[in-house]
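Numbering (UniProt numbering), first residue to last: 1 to 142.
Hints listed in this document are in silico derivations from the structure and should not be mistaken for laboratory results. Note that the structure is a prediction, hence the values are computed from the model and not measured. Think of the CB as a built atom: it goes at the ideal place given N, C-alpha and C, for glycine as much as any other residue. Worth double-checking, as some hints may not be accurate.
Have a look at the derived ranges for each label pair, beta carbon to beta carbon [said to hold, decoys possible]:
| # | residue 1 | residue 2 | range |
| --- | --- | --- | --- |
| 1 | Pro65 | Ala109 | 27 to 35 Å |
| 2 | Ala45 | Pro65 | 28 to 36 Å |
| 3 | Gly107 | Arg64 | 29 to 37 Å |
| 4 | Gly97 | Ala77 | 28 to 36 Å |
| 5 | Pro130 | Ala45 | 14 to 22 Å |
| 6 | Glu32 | Ala77 | 26 to 34 Å |
| 7 | Glu32 | Gln80 | 31 to 39 Å |
| 8 | Val49 | Asp76 | 14 to 22 Å |
| 9 | Thr57 | Gly84 | 12 to 20 Å |
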Amino acid sequence: MLAQPATSQVTPDTGAGEAGRPALAVETATREGTTILTMRGRLVADTAVTAEARILTTAVLSARPLKLVLDLTEVDAIDQHGTGLLTKTRFTVRAAGGALRLVAPPGGAVHPALNRYLRRITVPRLDDVPAAFGAQGPSGTR
1 MLAQPATSQV TPDTGAGEAG RPALAVETAT REGTTILTMR GRLVADTAVT
51 AEARILTTAV LSARPLKLVL DLTEVDAIDQ HGTGLLTKTR FTVRAAGGAL
101 RLVAPPGGAV HPALNRYLRR ITVPRLDDVP AAFGAQGPSG TR
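Make a model of the complete structure from these sequences and hints.
Here it is in C-alpha cells:
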C-alpha cells in the first residue's frame, strides 16, 4: 500500500523567509475519516507547485468519499498562485466526489485575501478545524 509522509517541507532557493525555516511546511492528519492538511508558512509562487503535488497525492491516497480540510491558520501569505491552487484543489476534490473545507480564522494573515477569493467561488470557509466536522466536534460532542 502506498503511504504519504506525515510532514513535508518546501525550502525554495529564493524568497525563503527566515534562514533555516521552510517557506512552507505541510502536515497530514486523519481524524474520523477526514484528512486534514495543515500548512505553515507561505503559499505563494515558490511553494504552490510542491503544495499542489502534496494535495494531489493526498487526494489519490485518501479513503473515499474524500473529505479534505485545508487548515490555513498558520499560512503567513498567499498570492494568486496560492488561490489558484485552492481552485484546482476544489475541482480535484469534486471530481473525486468529495468535500473540501478551508480553515482560515478571522484575524489570520490570509483571511482578507481568502475572503476576496471566496466571493468568487463557493468553498465553505471555517474558523477552526472542529467546525469542519459539522455541528458536532470530532469526538461527537458539541
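Consistency of the hints with the structure:
1. Pro65 <-> Ala109: 27 to 35 Å: Holds - the Cβ-Cβ distance for Pro65 and Ala109, about 31 Å, lies within 27 to 35 Å.
2. Ala45 <-> Pro65: 28 to 36 Å: Since the Cβ atoms of Ala45 and Pro65 sit about 32 Å apart, the hinted range of 28 to 36 Å holds.
3. Gly107 <-> Arg64: 29 to 37 Å: Holds, at about 35 Å.
4. Gly97 <-> Ala77: 28 to 36 Å: holds, 32 Å
5. Pro130 <-> Ala45: 14 to 22 Å: The hinted range 14 to 22 Å is violated for Pro130 and Ala45, with Cβ atoms some 32 Å apart.
6. Glu32 <-> Ala77: 26 to 34 Å: At roughly 31 Å between Cβ atoms, Ala77 and Glu32 fall inside 26 to 34 Å, so the hint holds.
7. Glu32 <-> Gln80: 31 to 39 Å: Taking Cβ atoms as reference, Glu32 and Gln80 lie about 34 Å apart, which means the hint holds.
8. Val49 <-> Asp76: 14 to 22 Å: This hint holds: roughly 18 Å between Cβ atoms.
9. Thr57 <-> Gly84: 12 to 20 Å: Distance hint for Thr57, Gly84 holds at roughly 18 Å.
Violated hints amount to a single one, hint 5; each of the other numbered hints is respected by the structure.
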